[in-house]
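Undergrad: Given the sequences, and given the hints that come with them, work out the whole structure.
Taken in order, these protein sequences are the chains called B and S.
Last residue of the first sequence: 392 in numbering that gives the first Met the number 0, with the numbers rising by one and none dropped.
Last residue of the second sequence: 299 in numbering that gives the first Met the number 0, with the numbers rising by one and none dropped.
The hints are simulated quantities; they were obtained by calculation from the structure and are not laboratory data.
Keep in mind that a hint or two might mislead.
Unchecked claim - Now the stretches of chain S that chain B is said to cover, found in silico as 3 or more residues with beta-carbon under 8 Å:
| hint | region |
| --- | --- |
| 1 | 59-73 |
| 2 | 85-94 |
| 3 | 102-116 |
Said to hold, decoys possible - According to the in silico footprint, chain S covers these stretches of chain B (three or more CB under 8 Å from chain S):
| hint | region |
| --- | --- |
| 4 | 55-68 |
| 5 | 73-79 |
| 6 | 94-100 |
| 7 | 233-243 |
Where a beta carbon is used, it is the ideal one built from N, C-alpha and C, also for glycine.
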Amino acid sequence: MSPASRNGVLSGEFFMLGDIACAEGAICAGCRFFAGYPITPATEVAQRMSERLPLVGGIYIQMEDEMASMNAVLGASWAGVKAMTATSGPGFSLMMENLGLGVMMETPCVLVNVQRGGPSTGLPTLVGQGDMMQARWGSHGDYAIIALSPSSPQELFDLTIHAFNLSETYRAPVLVMTDAEVGHMTEKVVIPPVEEIEVIGRRKPTVPPEEYLPYRVEPGELVPPMAVAGEGYRIHTTGLTHDERGYPATADDTAQWPLVQRLVDKIEKNKDKIIMLEEDGLDDAEVAVVSYGIAARTAIWPVQMARQEGIRVGMLRLVTVWPFPDEEIRDLAGRVEGIVVPEINLGQIVREVERCAAGRTEVLSVPHPGGGIHDPQAVLRAIRRAAGRKAEA
Amino acid sequence: MELKTDGYRLDRTLETHAEAEGLRGEIHGRHPMDDLLRTDRLPHIWCPGCGLGTALTCFLSALLRSGLDLDKVAVVSGIGCTGRVAGYVRLDSFHTTHGRAIPFATGLKLGNPELKVVVFSGDGDLVTIGGNHFIHAARRNMDMTVICVNNFNYGMTGGQAGATTPVGGITTTSPYGNYEYPFSISALAAASGAVYVARWTVLHARRLERSIVEALLKPGFSLVEVIAPCPTGFGRRNRLRQGLDAMHYYHEHGVIQHGADPVKTDIELEGPVIEGKFVDGEKPTFLEQYRRQLDRLRGA
Numbered sequence: 000m001s002p003a004s005r006n007g008v009l010s011g012e013f014f015m016l017g018d019i020a021c022a023e024g025a026i027c028a029g030c031r032f033f034a035g036y037p038i039t040p041a042t043e044v045a046q047r048m049s050e051r052l053p054l055v056g057g058i059y060i061q062m063e064d065e066m067a068s069m070n071a072v073l074g075a076s077w078a079g080v081k082a083m084t085a086t087s088g089p090g091f092s093l094m095m096e097n098l099g100l101g102v103m104m105e106t107p108c109v110l111v112n113v114q115r116g117g118p119s120t121g122l123p124t125l126v127g128q129g130d131m132m133q134a135r136w137g138s139h140g141d142y143a144i145i146a147l148s149p150s151s152p153q154e155l156f157d158l159t160i161h162a163f164n165l166s167e168t169y170r171a172p173v174l175v176m177t178d179a180e181v182g183h184m185t186e187k188v189v190i191p192p193v194e195e196i197e198v199i200g201r202r203k204p205t206v207p208p209e210e211y212l213p214y215r216v217e218p219g220e221l222v223p224p225m226a227v228a229g230e231g232y233r234i235h236t237t238g239l240t241h242d243e244r245g246y247p248a249t250a251d252d253t254a255q256w257p258l259v260q261r262l263v264d265k266i267e268k269n270k271d272k273i274i275m276l277e278e279d280g281l282d283d284a285e286v287a288v289v290s291y292g293i294a295a296r297t298a299i300w301p302v303q304m305a306r307q308e309g310i311r312v313g314m315l316r317l318v319t320v321w322p323f324p325d326e327e328i329r330d331l332a333g334r335v336e337g338i339v340v341p342e343i344n345l346g347q348i349v350r351e352v353e354r355c356a357a358g359r360t361e362v363l364s365v366p367h368p369g370g371g372i373h374d375p376q377a378v379l380r381a382i383r384r385a386a387g388r389k390a391e392a
Numbered sequence: 000m001e002l003k004t005d006g007y008r009l010d011r012t013l014e015t016h017a018e019a020e021g022l023r024g025e026i027h028g029r030h031p032m033d034d035l036l037r038t039d040r041l042p043h044i045w046c047p048g049c050g051l052g053t054a055l056t057c058f059l060s061a062l063l064r065s066g067l068d069l070d071k072v073a074v075v076s077g078i079g080c081t082g083r084v085a086g087y088v089r090l091d092s093f094h095t096t097h098g099r100a101i102p103f104a105t106g107l108k109l110g111n112p113e114l115k116v117v118v119f120s121g122d123g124d125l126v127t128i129g130g131n132h133f134i135h136a137a138r139r140n141m142d143m144t145v146i147c148v149n150n151f152n153y154g155m156t157g158g159q160a161g162a163t164t165p166v167g168g169i170t171t172t173s174p175y176g177n178y179e180y181p182f183s184i185s186a187l188a189a190a191s192g193a194v195y196v197a198r199w200t201v202l203h204a205r206r207l208e209r210s211i212v213e214a215l216l217k218p219g220f221s222l223v224e225v226i227a228p229c230p231t232g233f234g235r236r237n238r239l240r241q242g243l244d245a246m247h248y249y250h251e252h253g254v255i256q257h258g259a260d261p262v263k264t265d266i267e268l269e270g271p272v273i274e275g276k277f278v279d280g281e282k283p284t285f286l287e288q289y290r291r292q293l294d295r296l297r298g299a
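TA: This is how it looks when you write it as structure tokens:
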């Protein structure tokens with residue numbers, strides 16, 4: 000390991016494992032607390048954090064399970080520290096209840112899911128993207144969530160930093176939905192100089208404790224400033240439906256409406272600022288491939304092949320999967336003759352694409368149950384079908 | 000204000016809250032503990048005869064006596080009747096999910112080691128659903144004081160059996176008598192490595208308060224188990240109909256035995272309640288161990 004700068008940023012060019020790039024991204028973002036539990040294929044994130052955090056003034060703790068990990072992360076965030084955990088399918092399931100607590104208490108933190116094949120123990124060492132709907136709806140009740148999907152170790156590094164910035168900006172848990180391929184892929188990763196890395200912190204209250212209401216937002220705002228433990232504000236927060244004081248208000252729906260609506264609105268009404276998409280060759284496209292993560296990366300070759308065959312095909316890569324880019328997909332559906340959606344599950348995000356396309360164009364799923372990446376030929380065949388070409392042998 | 004003769008109403012609307020607020024001011028003025036309470040949240044939800052009020056009062060007096068900086072004290076609760084404590088104290092306070100107060104508190108403490116972190120929750124929360132976190136925090140000697148109010152049942156959900164219900168105890172889910180062996184919370188803590196373990200009934204309030212002071216000032220994982228009546232959920236089905244009946248029971252069956260072997264502190268139905276300070280030791284805390292290993296690395 001080359002010497003890190005004073006604030007822990009390991010600037011330079013590396014040949015680096017995705018999971019390790021994720022850990023380095025967290026350290027660049029100012030993460031100084033990691034609580035986790037070993038699970039393939041996310042273990043290397045924890046290992047790297049256990050090695051790095053003590054050297055930069057942070058704390059690594061291996062908890063007794065993923066429920067504990069998620070809670071410890073929330074606790075650390077309420078102590079004022081940027082905090083993260085990393086897991087995979089089974090652990091992600093165990094974190095769901097307390098992901099909801101994080102949403103309800105409006106706790107900035109980052110949860111990385113290095114997805115593997117499921118359901119249940121499934122395929123521990125092999126890739127999957129079957130947790131995408133769980134990412135959206137996995138905790139009970141209504142809420143909105145931000146989920147990012149990197150396609151390379153470099154992007155896993157970049158998006159981990161960005162996930163922290165989003166979580167601090169919107170006071171919400173942010174999910175990095177990567178997968179076993181990207182997490183276990185070793186590639187070139189460039190860690191920029193410290194001054195080139197944008198790091199955002201949470202907004203603090205500017206009023207004295209006696210005037211501070213922890214869940215009060217000013218008119219026109221959706222995210223309340225956050226005081227943490229030990230600052231003299233004597234805050235109270237709860238997983239129960241609460242009023243502006245943070246006090247339980249469970250007798251009827253008077254507090255439920257404004258609270259839950261705001262929790263959803265602060266994400267949904269900031270979609271323009273949150274959603275990141277990558278477009279390639281969509282201007283004159285007759286067919287669009289809509290994909291994310293490693294599945295989008297394996298779609299690059301079939302897109303190129305189809306173009307050589309004369310099919311005008313473009314690609315829309317969802318860097319942000321949640322909140323979903325409804326308008327962009329709706330707009331795309333009005334311009335193309337077909338949309339092809341490869342993903343390593345039996346059809347999750349394709350349902351969202353169908354919803355937005357609303358029958359205006361044909362939507363073709365290219366499913367894969369997990370355990371490997373797509374056969375590029377399968378994607379190519381779907382592109383041909385979408386373009387109205389006869390399937391070729 | 001019209002009050003029913005039994006002294007409480009099931010239907011407490013916001014109006015009666017406001018009325019109660021006014022009445023309280025009129026009747027007895029401010030309570031000495033009011034500065035430590037979120038008085039705008041009172042009256043509390045606890046039933047007449049419940050031991051939680053006493054446990055909370057003992058905690059607050061202990062807190063004042065401990066001399067700790069109250070801006071640096073954080074209280075974390077889980078779910079349940081005892082779990083509501085976090086909502087009543089005018090301190091940094093966190094009402095978390097069922098069973099998970101301890102890991103949340105672990106994050107708080109490690110995120111800001113200057114904090115004195117207190118977990119205040121019930122037996123069902125801490126040693127049934129949250130039992131794994133309880134033993135692991137004790138094993139790590141994580142720096143926190145756990146106050147566990149043990150009323151032998153799940154009160155808030157209507158008196159169900161849990162991991163502390165004595166054999167034979169009648170609850171709404173053990174209508175013919177509980178057939179599972181219970182945990183002794185104190186024994187569990189001691190066996191898992193807690194450096195301070197004490198148990199008191201709410202009858203022994205002064206002793207309880209003194210133990211909480213000691214626990215608050217003890218570095219590492221300290222446990223104070225508080226035996227408390229739950230007339231609504233447990234007592235009325237087990238020959239302790241009123242809170243007062245339980246207090247008589249504690250008076251007659253409480254056996255103060257400092258230094259008792261925690262393994263021999265099981266609480267049986269209609270048996271003695273062994274109480275006292277069982278463990279008072281010292282060993283480096285989690286953070287001291289963490290720093291010790293790092294210092295070794297730096298020295299090398």
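Undergrad: Determine for every hint whether it applies to the structure shown.
TA: Right, here's what the structure says about each hint:
| no. | hint | result |
| --- | --- | --- |
| 1 | 59-73 | holds (count 3) |
| 2 | 85-94 | holds (count 8) |
| 3 | 102-116 | holds (count 12) |
| 4 | 55-68 | holds (count 8) |
| 5 | 73-79 | holds (count 7) |
| 6 | 94-100 | holds (count 3) |
| 7 | 233-243 | holds (count 7) |
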